[in-house]
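Assemble chains W, S, E, P and V onto chain F, guided by the hints.
6 protein chains.
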Amino acid sequence: MRPSGRTPEQLRPITITRQYTCHAEGSVLVEFGRTKVLCTATVTEGVPRFLKGKGQGWVTAEYGMLPRSTHSRMHREAASGKQGGRTLEIQRLIARSLRAAVDLTKLGENTITVDCDVLQADGGTRTASITGACVALADALNWMQEKGTLKTNPMNFMVAAVSVGIYEGIPVCDLDYDEDSSAETDMNLVMTETGKMIEIQGTAEGEPFSQEELMQLLELGKQGIQQIIQHQRQALV
Amino acid sequence: MRPSGRTPEQLRPITITRQYTCHAEGSVLVEFGRTKVLCTATVTEGVPRFLKGKGQGWVTAEYGMLPRSTHSRMHREAASGKQGGRTLEIQRLIARSLRAAVDLTKLGENTITVDCDVLQADGGTRTASITGACVALADALNWMQEKGTLKTNPMNFMVAAVSVGIYEGIPVCDLDYDEDSSAETDMNLVMTETGKMIEIQGTAEGEPFSQEELMQLLELGKQGIQQIIQHQRQALV
Amino acid sequence: MRPSGRTPEQLRPITITRQYTCHAEGSVLVEFGRTKVLCTATVTEGVPRFLKGKGQGWVTAEYGMLPRSTHSRMHREAASGKQGGRTLEIQRLIARSLRAAVDLTKLGENTITVDCDVLQADGGTRTASITGACVALADALNWMQEKGTLKTNPMNFMVAAVSVGIYEGIPVCDLDYDEDSSAETDMNLVMTETGKMIEIQGTAEGEPFSQEELMQLLELGKQGIQQIIQHQRQALV
Amino acid sequence: MRPSGRTPEQLRPITITRQYTCHAEGSVLVEFGRTKVLCTATVTEGVPRFLKGKGQGWVTAEYGMLPRSTHSRMHREAASGKQGGRTLEIQRLIARSLRAAVDLTKLGENTITVDCDVLQADGGTRTASITGACVALADALNWMQEKGTLKTNPMNFMVAAVSVGIYEGIPVCDLDYDEDSSAETDMNLVMTETGKMIEIQGTAEGEPFSQEELMQLLELGKQGIQQIIQHQRQALV
Amino acid sequence: MRPSGRTPEQLRPITITRQYTCHAEGSVLVEFGRTKVLCTATVTEGVPRFLKGKGQGWVTAEYGMLPRSTHSRMHREAASGKQGGRTLEIQRLIARSLRAAVDLTKLGENTITVDCDVLQADGGTRTASITGACVALADALNWMQEKGTLKTNPMNFMVAAVSVGIYEGIPVCDLDYDEDSSAETDMNLVMTETGKMIEIQGTAEGEPFSQEELMQLLELGKQGIQQIIQHQRQALV
Amino acid sequence: MRPSGRTPEQLRPITITRQYTCHAEGSVLVEFGRTKVLCTATVTEGVPRFLKGKGQGWVTAEYGMLPRSTHSRMHREAASGKQGGRTLEIQRLIARSLRAAVDLTKLGENTITVDCDVLQADGGTRTASITGACVALADALNWMQEKGTLKTNPMNFMVAAVSVGIYEGIPVCDLDYDEDSSAETDMNLVMTETGKMIEIQGTAEGEPFSQEELMQLLELGKQGIQQIIQHQRQALV
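Protein sequence lines, in the order shown, are assigned to chains F, W, S, E, P and V. For the first sequence, the UniProt record's numbering begins at 1 and goes up steadily by one. For the second sequence, the UniProt record's numbering begins at 1 and goes up steadily by one. For the third sequence, the UniProt record's numbering begins at 1 and goes up steadily by one. For the fourth sequence, the UniProt record's numbering begins at 1 and goes up steadily by one. For the fifth sequence, the UniProt record's numbering begins at 1 and goes up steadily by one. For the sixth sequence, the UniProt record's numbering begins at 1 and goes up steadily by one.
Heads up, some of the hints might be wrong.
Example chain W residues on the side facing chain F (calculated, C-beta under 10 Å, incomplete) [what the hints assert, rightly or not]:
id: 1; residue: TYR20
id: 2; residue: GLU25
id: 3; residue: LYS36
id: 4; residue: LEU38
id: 5; residue: ALA41
id: 6; residue: GLU62
id: 7; residue: SER69
id: 8; residue: THR70
id: 9; residue: ALA78
id: 10; residue: GLY85
id: 11; residue: ARG86
id: 12; residue: THR87
id: 13; residue: GLU89
id: 14; residue: ASP117
id: 15; residue: LEU119
id: 16; residue: GLN120
Just a few of them, taken from the derived set where beta-carbon distance is under 10 Å, the chain F residues facing chain E [unchecked claim]:
id: 17; residue: LYS82
id: 18; residue: GLY85
id: 19; residue: LEU218
It is worth saying that the hints were derived from the structure and are not from the lab. For clarity, every value in this text was computed on a predicted model and none was experimentally measured. Cβ atoms here follow ideal geometry from the backbone N, Cα and C, with glycine treated the same way.
Here chain F stands alone, though its shape is the one from the complex (with noise of 0.2 Å):
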């Protein structure tokens, strides 16, 4: 039995709300369950200087959790004077997901730029801000179109996230900081809405896991994310 009274399969509640703040080209806030992530996008003409001039756009990300969003206050790090190893961990792989989906090529010389910023968390915070982060950056590319920069979507394909996990010997899917800080195998999975994988990260905490396991895992992941494009569809209509 998951500590929430999910079946293994069994998402967490996921809301995806548009136009959350309203500065940003982008903005959404996404929830899965208690966990609640800010991702904003900001588009910028020019891209970093290793770019220049080969006519192509840049999409990178930026990821922080407020000091109080966890169960005991963390150390703010800016006041600390740098990001910790997990941060930097986290928003390369938010940045690496987000241009997978994009053709970096129908860009233009231009950066987006998807800051994700945890509120609260509760477990998943780089899985939903991946799938967050993702209508930002769609929201960007509509703005960037309406506005006459963009001609054609650079967008090849939506990605969404999640983590799988086995928890008391069972897989089970979308992981709560109750399973997650117990799990014995714990996996973030990225995929893209026509079924195929763009990151696969997976890491035994406690027993080493079999390729049975993985696949099992595979498998929970796979539907999981199938639910949670659906959201994100639903999301930008």
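For chains W, S, E, P and V alone, coordinates are given in the frame of chain F:
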């Protein structure tokens, strides 16, 4: 005429939402018009080193802006490796204002840290922060009393803050971004519910101001703060 | 009775020594009693990036304390790797005050940087800094005129500053360290030689203060600044 | 055809040299073809603060590249003042992999730090690092047993790692730099000598990949790791 | 002919002013011609961690230049977030020189920190710093004896320093900035009042130098230091 | 008797291995007994800003120690966020020594960066670094000539370095760690193959030293460097 159509003494709509997030001992979303700040109060045992063994508590504050809370994206302070001068100045102001509201000797050897994170900025983020932080602090102190950590409530009085300034020659109250960015004089006032002053910080951005103008600004600020304190009281009922 | 035996409105002995060091375009040692600050003004061609091509100049300031300018040794900010919040706050205040004294459009695309380094501290280092910095700035502007870089003098008026506060219930002017460290209210005033205000920063360290007390402090500060401006004028003869 | 002329499943020549330097409790030079990593294991008494008094040990890792281990010179991270995101991500991966190999409760309150420093890079530095680090760790644990610090050997099983990827449409094992820099999909696998998985990290650099491709990569990786573990065993005889 | 008209062996006018500032246990302004350095010695109880419980004391030093102590303004090290290599090198040299002058076992578990801050620079700031720092250290040790903290004086002998160099082919003593910036060889000597050497640091800036030239520089330096030690003795009377 | 059984003037076995790694334009492993340093020289087009347009090149150096190159593990400078004073001092020394060996005007607007990374430390890492770096530099200059970037060889002469010191009262050459850590006087000499001096850095760690002792050390160092230069020459054949 003010850009928003308000009269000189008119505040923006103010809302104060308690228990906005679930983990913190006090969690308040404060809105002054389009300015939205999330204020969370965290209680921890112990005090900073310079207070150890003195039998009193401590109240401190940290402030940050989400990168795209503003018109154009600001860099993320965690990524650039330090908090800017404006950030440090504001969080020192918030902390001093809150400490003035509390009898630290009644707090025991406990520390309350109030984080003010700006989700959306439209002028007056520091005055909104102080206003919301005081409600979050009140909630945290109530939590301590309910838990039995405190026998008496250490709060002396509520404090609230408002900005006043001279915009196109006319003293106005609670400036939004359009006014703030072109005001000749900009002043922030922090006052108690008993009508006394805790902080006054006024700056001539353009022309120096006369003592008469200062008096007008004080008068406007005083009546604005009285209304804001009404909002705090209603929120705490 | 004040610890120093001064009357409430009495300033400490003030001396302003120009050309204190040999390299800077303006170099002033300012002394308010035992508080000694070396203020040097440096002229450089060009302006910060945000002003390029706007046909105006810039005035900025930096502030520091020698490690043993104080009663007990402070850490060296260069060694600890960052300037503290108090330092940043003070140097922002000095810079704003100096900019208010100058017509930046008459300065051409030049930058003047004023460094205020405290050799010995006994309260009031920020007000002494502003007072001395304004003289160093005047010297640097004269140097530019003599050199032919400037045709007209961009200085609008001299500015000076003083601290006022409520010490043992009585409003006093130009607090030394003994008074400052136990004052109930502490206020810094920056005014022009024309009697107008540029900055007012007041803080209730203990009890909140009333508007009546504020008026008394303003009155004390105004007459103190008038005397300080006399010292500036005599120094510049 | 692979640039090196290898068959898809063929590893590069692997050599593992123990006691490569003289001070460390474990010191291993691992070579995967032209990739050369020096792995040293250091034993220290005590554990990090978060583990104090829990009666268990800790294993951690740090990773670095010499500035000219690569084709063009990289900046020195010590000089630029921080470790980059890639570095932090890799050293977290190495550390997790090593901890999975060890029963920390049998280690006592001791810490083993494994440093992986890349002398020469030609793709696969993280998988070579894990492979060599595990041998250095085994040596350090043997050293502790010989010295009498440990009664039983805390090592559960050897772990090794290999990269797999899709290069020009074909799944291949142990990618060198030429392959790595143009692979469509890149995956790192960490497995135990018992054939179970500890980490799987796969990324679509170009096209998303299908589950069938994932299966092929897993199969290639599994047989590659079995061979690598043979090299570890021979080195430890 | 030297730019200053001095003979090759002639020092600049040297003045040593004690009690230059009021808070430090030793406070000395040392002037070598236009080079002016403020040296303050601070006594604190306790020693750095690596010396705890060894029954001995410690002497350390820090060095800094005010931003406009030089011809053109240098950046402020506190603002740029780190001390440069030259600064660290000089403060390490000062500290080693002072420790050589003191019997640390007679100092008890106390630390003396000497801050050398350059108010005005015209060549030879490091040798002036050592010379002044030694007088400030002597004053601090006397203060400790008067206060009863020390029973015997831990000072072994006075130390002083001078620069020598080859300027336009001729060995000269106590180089000013004009000489220093174009000297072919530059050497700093630290010696005791007993005529022995503590530090010798010579660098060929242009042509390498012969052993014969080294001998000439040593001879010049030795007689220069003897004169400087006379100035120290007179100052301490 | 020296701990190693060497006679006072006897060097440790010296080996210089060229082409130790494959990417750098010059790559040398230098061994002075158990001290092993990897020196790589990197050629890049362009010069630092302060040299732009002056028609000359630049040679610089960086130095680092692997964390477990030493008896007990040192912290990793990249992780602690800055290079220590000793590191900066050594890399400045290496760079100055190399620049003395090269006619920068013949180098064109190119920069050569030599990285010296200590794989194993047993005393004398800075002198081994200079010795190996000079060979790596020679290889890089040859590479530039072969490539046609340079018409003439800018190298004036080879430079090499050795440490000398007074160990248990007796002057000895090429100190290992056991000697170095208890020597009374420690001196590093950098000389040219023509027998002239580039750097002399001597420090009295215990007793100050006399000029007679200095002469003995110089004599020992001179003959040691002559032998080391023979090793450089043989390596470059």
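Outcome of the hint check:
Among the interface hints, the one on TYR20 (chain W) holds; its C-beta lies about 9 Å from the nearest C-beta in chain F, closer than the 10 Å criterion. This hint holds: GLU25 (chain W) has a C-beta 9 Å from the nearest C-beta of chain F, less than the 10 Å allowed. Because the beta carbon of LYS36 (chain W) sits about 8 Å from the nearest beta carbon in chain F, less than 10 Å, this interface hint is met. Contact between LEU38 (chain W) and chain F, as hinted, is supported at the beta carbon level, the nearest pair being about 7 Å apart and thus within 10 Å.
With a least beta-carbon distance of about 8 Å to chain F, the hint placing ALA41 (chain W) at the interface is held under the 10 Å criterion. For GLU62 (chain W), the suggested interface contact is upheld, since its CB lies about 5 Å from the closest CB of chain F, less than 10 Å. Interface hint at SER69 (chain W): satisfied, since its Cβ lies 7 Å from the closest Cβ of chain F, which is below the 10 Å cut-off. At about 6 Å, the closest approach between the beta carbon of THR70 (chain W) and any beta carbon in chain F falls short of 10 Å, and the interface hint on this residue holds.
A cut of 10 Å between beta carbons decides the hint on ALA78 (chain W): the least distance to chain F is about 4 Å, and the hint holds. The beta carbon of GLY85 (chain W) is not positioned within 10 Å of any beta carbon in chain F (closest approach about 13 Å), and the interface hint is therefore violated. Using the Cβ-Cβ criterion of 10 Å, the hint placing ARG86 (chain W) at the interface with chain F is not satisfied: the shortest such distance is roughly 12 Å. Using the Cβ-Cβ criterion of 10 Å, the hint placing THR87 (chain W) at the interface with chain F is satisfied: the shortest such distance is roughly 8 Å.
Using the Cβ-Cβ criterion of 10 Å, the hint placing GLU89 (chain W) at the interface with chain F is not satisfied: the shortest such distance is roughly 14 Å. Taking 10 Å as the C-beta contact cut-off toward chain F, the hint placing ASP117 (chain W) at the interface holds, the least distance being around 5 Å. Interface hint status for LEU119 (chain W): upheld, as the beta-carbon distance to the closest one in chain F is roughly 6 Å, under 10 Å. With its C-beta approaching chain F no nearer than about 5 Å, GLN120 (chain W) sits inside the 10 Å limit, and its interface hint holds.
Given the 10 Å rule on beta carbons, the hint for LYS82 (chain F) holds: about 6 Å separates it from the nearest Cβ of chain E. Checking GLY85 (chain F) against chain E by beta carbon gives a least distance of about 4 Å; that is within 10 Å, so the hint holds. Annotation: interface hint on LEU218 (chain F) holds; nearest CB of chain E at approximately 7 Å, less than 10 Å.
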